[in-house]
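Visitor: Chain residues, written in single-letter form:
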Amino acid sequence: MEYRKFNNTIIARIDKGEEILDKIKDISIKENIKLANVNALGATNDFTVGVFKTAEKKYYSNTFKGDFEIVSLTGTINTMNGEFYTHIHMSAGDADGKVFGGHLNRAIVSATCEIVIHIIEGTVDRQLDEEIGLNLFQF
Amino acid sequence: MEYRKFNNTIIARIDKGEEILDKIKDISIKENIKLANVNALGATNDFTVGVFKTAEKKYYSNTFKGDFEIVSLTGTINTMNGEFYTHIHMSAGDADGKVFGGHLNRAIVSATCEIVIHIIEGTVDRQLDEEIGLNLFQF
Amino acid sequence: MEYRKFNNTIIARIDKGEEILDKIKDISIKENIKLANVNALGATNDFTVGVFKTAEKKYYSNTFKGDFEIVSLTGTINTMNGEFYTHIHMSAGDADGKVFGGHLNRAIVSATCEIVIHIIEGTVDRQLDEEIGLNLFQF
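Here the protein sequences line up with chains A, Y and B, keeping their order. No gaps in the numbering here: position 74 of the first sequence is 73 in numbering that gives the first Met the number 0, and each next residue is one more. No gaps in the numbering here: position 65 of the second sequence is 64 in numbering that gives the first Met the number 0, and each next residue is one more. No gaps in the numbering here: position 89 of the third sequence is 88 in numbering that gives the first Met the number 0, and each next residue is one more.
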């Protein structure tokens with residue numbers, strides 16, 4: 000992975016074999032990012048995405064392997080108890096162009112991944128909402 | 000729904016049971032937003048998306064219910080005759096990770112939705128294009 | 000196609016019959032864009048998206064025709080050997096809401112396409128990575 004910061008924007012290249020959430024964390028900690036909006040495109044050959052079953056307050060996950068193009072990756076970087084937190088959803092198309100996605104648990108880059116991080120000056124923390132069962136933005 | 004504004008960026012949390020387009024409208028009117036770019040992620044259990052049949056100049060819609068993760072939500076906020084207007088497309092993944100989407104008519108949040116609104120200083124109005132059958136950007 | 004520039008953001012309308020990558024190139028060259036992040040929504044009735052088979056270092060493409068809504072279009076504009084380069088991935092939903100996508104080769108607009116280009120002050124060039132078989136960000 001390599002990246003460069005231009006004012007409040009970071010452009011990163013995540014490389015073959017690297018995991019996307021790991022690298023977003025590495026950049027965020029190194030650059031002390033407290034609040035940001037993330038988008039990306041790229042290719043993955045192994046990714047796990049979840050769907051939150053609201054009645055059970057639990058994530059169920061699906062793992063996909065093969066040649067996939069990441070067609071959307073959208074999310075936020077912020078904090079929980081002042082520490083790094085990221086929440087990313089991703090979808091990717093297979094060899095027939097069929098698209099699969101959900102809440103991103105892990106994605107291994109197969110060729111390259113190009114990430115754009117828009118840093119926002121400010122902070123938003125998270126707190127566990129027990130009724131929902133998730134860590135939600137706390138304003 | 001709650002949100003905070005940081006310079007030209009709004010970070011919002013839309014809550015369970017709330018409709019996404021309604022809340023985008025509420026924020027836009029309260030903050031007097033004339034032009035913006037929107038992206039979001041979250042979870043919905045009931046959403047309707049349309050496809051525009053160009054030959055008929057008419058939208059046909061599909062409604063999806065169940066546990067879905069919003070994997071992409073992209074759009075613009077601007078004006079038509081000086082009044083609030085928003086145009087959003089959305090896609091969401093089901094329990095198997097299969098993704099469905101189109102022109103967003105309505106989406107009810109099931110757990111949470113995290114929206115980022117990038118406000119742009121300027122205005123772009125819309126006008127009905129009778130040949131196309133849609134309200135298009137007018138420069 | 001028409002567009003307007005507001006500080007570091009370009010809002011564009013791509014019109015029926017026009018090809019999206021062509022118009023992104025036209026805007027980029029006219030405005031001398033060296034680095035940017037792109038997102039869009041709209042409608043297409045003819046698009047080709049590829050998937051990169053990493054073992055073969057080769058793109059395979061799928062072409063889709065009919066009424067489709069572009070649900071995600073994400074990418075970067077930068078340079079290779081100082082010249083314009085863009086890398087875009089796209090997905091679109093059909094009349095049943097099923098979503099298909101990948102690396103964007105071409106997409107013909109059927110009704111309208113609304114593009115937002117966030118210009119970043121700086122430059123990132125590309126270089127062919129022979130191991131991967133793609134032109135990657137060079138920092």
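Derived from the structure by calculation, the hints contain no laboratory data. All C-beta atoms in this analysis are idealised placements derived from N, C-alpha and C, irrespective of residue type, glycine included. One should not assume that every hint holds.
Think about it this way: if two alpha-carbon atoms lie no more than 20 Å apart in a straight line, the pair counts; the simulated SDA-like pairs of lysine to any residue are [stated by the list, open to error]: (1) Lys52(Y) with Asn134(Y); (2) Lys33(Y) with Lys52(Y); (3) Lys4(Y) with Asn7(A); (4) Lys33(Y) with Phe63(Y); (5) Lys64(Y) with Ala54(A); (6) Lys64(Y) with Gly49(A); (7) Lys22(Y) with Lys97(Y); (8) Lys56(Y) with Lys33(B); (9) Lys33(B) with Tyr2(A); (10) Lys15(Y) with Gly65(Y); (11) Lys97(Y) with Lys33(B); (12) Lys52(Y) with Lys33(B).
Among chain B residues calculated to face chain A with C-beta under 7 Å, some are [what the hints assert, rightly or not]: (13) Tyr2; (14) Val50; (15) Thr78; (16) Met79; (17) Ala94; (18) Val98; (19) Ile118; (20) Glu120; (21) Leu127; (22) Asn134.
Visitor: Against this structure, judge whether each hint is valid.
Guide: Okay, the hints, checked on the actual structure:
1. Under the criterion of a C-alpha separation no larger than 20 Å, the hint pairing Lys52(Y) with Asn134(Y) is consistent with the structure, at around 15 Å.
2. Straight-line distance between C-alpha atoms of Lys33(Y) and Lys52(Y) comes to about 29 Å, which puts the hinted pair past the 20 Å bound.
3. Proposed proximity of Lys4(Y) and Asn7(A) is supported: the alpha carbons are some 17 Å apart, at most 20 Å.
4. Taken as a hint, the Lys33(Y) and Phe63(Y) pair is broken in the structure, with Cα atoms around 31 Å apart against an allowance of 20 Å.
5. Restraint check for Lys64(Y) and Ala54(A): satisfied, since their Cα atoms lie roughly 14 Å apart, inside the 20 Å limit.
6. Only pairs whose Cα atoms come within 20 Å are accepted, and Lys64(Y) paired with Gly49(A) is accepted, the gap being roughly 17 Å.
7. For the hint linking Lys22(Y) to Lys97(Y), the alpha-carbon distance of about 27 Å lies beyond 20 Å, and the restraint is violated.
8. As the CA atoms of Lys56(Y) and Lys33(B) are separated by approximately 38 Å, the hinted pair breaks the 20 Å bound.
9. This hinted pair checks out: Lys33(B) and Tyr2(A) have alpha carbons roughly 16 Å apart, not beyond 20 Å.
10. As the CA atoms of Lys15(Y) and Gly65(Y) are separated by approximately 14 Å, the hinted pair is consistent with the 20 Å bound.
11. Proposed proximity of Lys97(Y) and Lys33(B) is contradicted: the alpha carbons are some 36 Å apart, above 20 Å.
12. A C-alpha spacing of about 37 Å is found between Lys52(Y) and Lys33(B), which places the hinted pair above 20 Å, so the restraint is violated.
13. The restraint placing Tyr2(B) at the interface with chain A is violated, with a minimum CB-CB distance near 20 Å, outside the 7 Å limit.
14. Given hint, Val50(B) at the interface with chain A, holds; its Cβ is 5 Å from that chain's nearest Cβ, closer than 7 Å.
15. Among the interface hints, the one on Thr78(B) is violated; its C-beta lies about 12 Å from the nearest C-beta in chain A, farther than the 7 Å criterion.
16. Of the supplied interface hints, the one on Met79(B) is violated, with its beta-carbon coming no nearer than about 13 Å to a beta-carbon of chain A, more than 7 Å.
17. For Ala94(B), the interface hint is violated, since its Cβ never comes within 7 Å of a Cβ in chain A; the closest pair sits about 16 Å apart.
18. Interface hint status for Val98(B): upheld, as the beta-carbon distance to the closest one in chain A is roughly 4 Å, under 7 Å.
19. A distance limit of 7 Å between C-beta atoms decides the matter here; for Ile118(B) the minimum to chain A is near 10 Å, and the interface restraint is violated.
20. Given hint, Glu120(B) at the interface with chain A, holds; its Cβ is 6 Å from that chain's nearest Cβ, closer than 7 Å.
21. The beta carbon of Leu127(B) comes no nearer than 12 Å to any beta carbon in chain A, farther than 7 Å, and the hint placing it at the interface is violated.
22. Because the closest C-beta pair between Asn134(B) and chain A is about 9 Å apart, greater than 7 Å, the hint is violated.
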